[in-house]
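Chains as they are written, first to last, in the numbering used here: chain A, 376 to 565; chain B, 9 to 103.
These aren't lab readings, by the way, just hints derived from the structure by calculation. Heads up, the beta-carbon is just placed ideally off N, CA and C, and yes, glycines get one too. There may be inaccurate statements among the hints.
[Said to hold, decoys possible] Okay, the calculated beta carbon distance ranges per label pair: (1) Val552(A) with Ala71(B): 25 to 35 Å; (2) Thr83(B) with Ile466(A): 55 to 65 Å; (3) Leu561(A) with Glu59(B): 30 to 40 Å; (4) Ser543(A) with Ala56(B): 21 to 31 Å; (5) Gly11(B) with Ala407(A): 24 to 34 Å; (6) Val552(A) with Thr83(B): 38 to 48 Å; (7) Gln86(B) with Ile466(A): 40 to 50 Å; (8) Arg89(B) with Glu503(A): 49 to 59 Å; (9) Gly61(B) with Ala396(A): 23 to 33 Å; (10) Ala37(B) with Ser504(A): 20 to 30 Å; (11) Gly495(A) with Ile99(B): 26 to 36 Å; (12) Gln86(B) with Gly414(A): 36 to 46 Å; (13) His437(A) with Val69(B): 43 to 53 Å; (14) Ala18(B) with Val443(A): 52 to 62 Å.
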Amino acid sequence: MLSNMESSPVQNPDDPRSVLAGADQARQRLAAGLRLPTGLHPALAAAVAVQVGTAAYGIANHAAAGLVVALAGVAVFLGVAALLLYQFRRINGVRVDGLASQIVLGAGATPTMAYVGAFGAATWAAFESRWWLVVAAAMAGGAGYAFGAWRWWHAYRRDPAAHAGGASPRVLAALAVLACLGLVTLLAAG
Amino acid sequence: MAGLDPLIHAPARLQVVTTLSAVSEAEFATLRAVLEVSDSVLSKHLSALAEAGYVHSRKGVRAGRRTTWIGLTNTGRQALRGHVAALRQLIDRVD
């Protein structure tokens, strides 16, 4: 029996159209078979909400407790992100840096705007001691961030080669360290 | 024809490279399952591609067992882009 590499998708190895079609089918087969970990979007939304809410509290708090809470929020977010990426790799046997960039960095207009908007609103609300608004802004930010990841996933499934690229794990780890240092500096300066 | 890369011109080799372009790295077993080929056939293609610097591989562990992870290098991605562009030109000429 012939394999996929040798049989139907490539009707004629001398016909460039059928050669390209066979290669595209193989790539689509891989992308179509990939599965996201169960509950990825709610978990991501919750982790971002926790990070935004705790950071806003920490900035408004001006005390050591605020710093601890803000760093704990970052730790929760990074822990959830690392777990989701590990699960994706374990389930599928592939690594997609584009997905990692979506989860850790919120790459793209939608998650960036959602995060920045929520962070600004939550921080203002924390300074005004409107805690219900801090929670609401953080939750909205988390939802927007997760929505961005959902949109990216659908775009990736349509055109995997165009969306597979992203920051490598080493770059993401370096950025996570920088983010923590930046947060500490911000809180110390405040 | 200029632009066609003899190393990935064979349909089977092109499928390997094109499939890898969808991910940053894939496990050997995952790639083998998607392409439905034997270990030896896939190993042969990957060895040739690695020798040309088109793919890189590293050893890893998954669920307690040793695995090999394979990814396209920048050279491999460029070669794929060039080859696909050349094939499309060929198609356009025929059309």
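- Item | Hints breached by this structure | Of the numbered hints given earlier, those the structure breaks are 2, 3, 6, 7, 10 and 11, listed in rising order.
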